[in-house]
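Colleague: Chain by chain, the residues:
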Amino acid sequence: MTPAPIREADLHALADGRLESLRRAEVEAWLALRPEEQARVAAWRVQNATLARAYGAVLEEPVPARLLEAARPPRRSSRWALAAAVAGLGLGAVAGFVARGVVESQPQPPAPVAALPHVAAVAHAVYAPEVRHPVEVGADQEAHLAAWLSKRLGATLRPPRLGEAGFDLVGGRLLPGDTGPVAQFMYQNARGQRLTLYVRRDAPDSGQTAFRHAQEGSVGVFWWIDGGMGYALSGELPRDELLRLANVAYHQLNQ
Amino acid sequence: MPRKGRRSLHPLSLRQDIVAEIPGVRRYARALTGDAGRADDLVQDTLERALTRLALWRPGSLRAWLFSIMHNLYINQLRDARRLEYAPDEDLPELPVRAAQSDGLEMRDLDRLLACLPLEQREVLLLVGLEELSYAEAARALGVPVGTVMSRLSRARDRLRTLMAGGAEGVHLRVVK
Numbered sequence: 001m002t003p004a005p006i007r008e009a010d011l012h013a014l015a016d017g018r019l020e021s022l023r024r025a026e027v028e029a030w031l032a033l034r035p036e037e038q039a040r041v042a043a044w045r046v047q048n049a050t051l052a053r054a055y056g057a058v059l060e061e062p063v064p065a066r067l068l069e070a071a072r073p074p075r076r077s078s079r080w081a082l083a084a085a086v087a088g089l090g091l092g093a094v095a096g097f098v099a100r101g102v103v104e105s106q107p108q109p110p111a112p113v114a115a116l117p118h119v120a121a122v123a124h125a126v127y128a129p130e131v132r133h134p135v136e137v138g139a140d141q142e143a144h145l146a147a148w149l150s151k152r153l154g155a156t157l158r159p160p161r162l163g164e165a166g167f168d169l170v171g172g173r174l175l176p177g178d179t180g181p182v183a184q185f186m187y188q189n190a191r192g193q194r195l196t197l198y199v200r201r202d203a204p205d206s207g208q209t210a211f212r213h214a215q216e217g218s219v220g221v222f223w224w225i226d227g228g229m230g231y232a233l234s235g236e237l238p239r240d241e242l243l244r245l246a247n248v249a250y251h252q253l254n255q
Numbered sequence: 256m257p258r259k260g261r262r263s264l265h266p267l268s269l270r271q272d273i274v275a276e277i278p279g280v281r282r283y284a285r286a287l288t289g290d291a292g293r294a295d296d297l298v299q300d301t302l303e304r305a306l307t308r309l310a311l312w313r314p315g316s317l318r319a320w321l322f323s324i325m326h327n328l329y330i331n332q333l334r335d336a337r338r339l340e341y342a343p344d345e346d347l348p349e350l351p352v353r354a355a356q357s358d359g360l361e362m363r364d365l366d367r368l369l370a371c372l373p374l375e376q377r378e379v380l381l382l383v384g385l386e387e388l389s390y391a392e393a394a395r396a397l398g399v400p401v402g403t404v405m406s407r408l409s410r411a412r413d414r415l416r417t418l419m420a421g422g423a424e425g426v427h428l429r430v431v432k
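If you read the sequences in order, they're chains A and B. Take the first sequence: its position 245, counted from the start at 1, is 245 in my numbering, and no numbers get skipped. Here my numbering = 1-based position in the second sequence + 255.
In case anyone wonders, no lab produced these hints; they're calculated from the structure. Predicted model only: the values in this text are computed from it and were never measured. Watch out, some of these pointers could steer you wrong.
Stated by the list, open to error - Some chain B residues judged to face chain A by a derived CB distance under 7 Å, without partners named:
#  : residue
1  : Ile273
2  : Val274
3  : Pro278
4  : Arg282
5  : Ala286
6  : Leu302
7  : Glu303
8  : Arg304
9  : Arg313
10 : Leu365
11 : Arg416
12 : Thr417
Glycine included, each C-beta is placed from N, C-alpha and C at the ideal position.
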């Protein structure tokens, strides 16, 4: 009985564990005489294992709510979802406050700090459409704005200049955050599109600095943690454009 | 091993089956695009498209079906907007240390190597090597014959082997007859 000729597909099937035992033995016997091919199949196996190890962590991540939402029609519109998020945030804050008052003597576990991109997107959605009062202190008083927000956050703050990217500073405001004061700077381009940069003191610097992207409804957010500060740039702009602006802001902040 | 497609014709339980596939679909999208945010955008588009087509689903591998929807969406995205072409996080400014968690160093390294593969090779490599689809399922997901899957797989694996070895050694694409 002559075994069927060994073909390339058999080598893949061996590497992928898809051969039944008889055929596997034939292919392995064939490979034993051909070290080069054997090394090739061994390398493919390593590839599979490396891929599984490297990307396996994604399986452990909680599935983002927006994906669960996407699999569960009828979907609410993104604006509606954002409005609900705003309401939820407010209620959560009130409930937390009340709960603390009631059981003050009990040691409370630290409340989880709301995800930076989420709160930044909510703040963007609240203030960016503001026509008459988009900011508390306008760009005409930039020095005062920077000094005021620096004092309140306890860190030197300076609104990055995004003029080269077509966005001029409108001004800024102070916001309440989960862990204290937060600064929001607002920018606008010639077409009236607005960007906001949300800045807060963040958890002790974990040394995890990298750009991250999040999409909250129609608001895109690029955010990063740097030097103990969390930054989030939000806008209803194409992702690439927002990334370009985040790059400019990051470099400006690090000058 | 590939999970067998569950044969459910009830829309509600089919949707539950789809939800159960989300983690795997996200993993594939993450490796395919090299970017967590873009991957989830792609997954979201895929899920939304799948739900509008529930009536078109035929018993078989649900994952292969979802991957075929994702494949078509991704191809169209790349076609419609060239600027969406694969851009691993290396485009972002060099920052001192990178984020931990799911964005391990190994993942970042692989992102860079996979970016060197043409899309059609990257897809086959990931569907078979990472998602453990059978060759027939991968062929169905990509809308190509199984023979095409096999030849792309050979090219992808040999190319990745060279890349993982540091790209120094010559390319060896000897075809076994």
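Colleague: May I ask which of the numbered hints given earlier this structure violates, with the numbers listed in increasing order?
Modeller: Checked against the structure, the hints that fail are numbers 8, 9 and 12, while the rest are satisfied.
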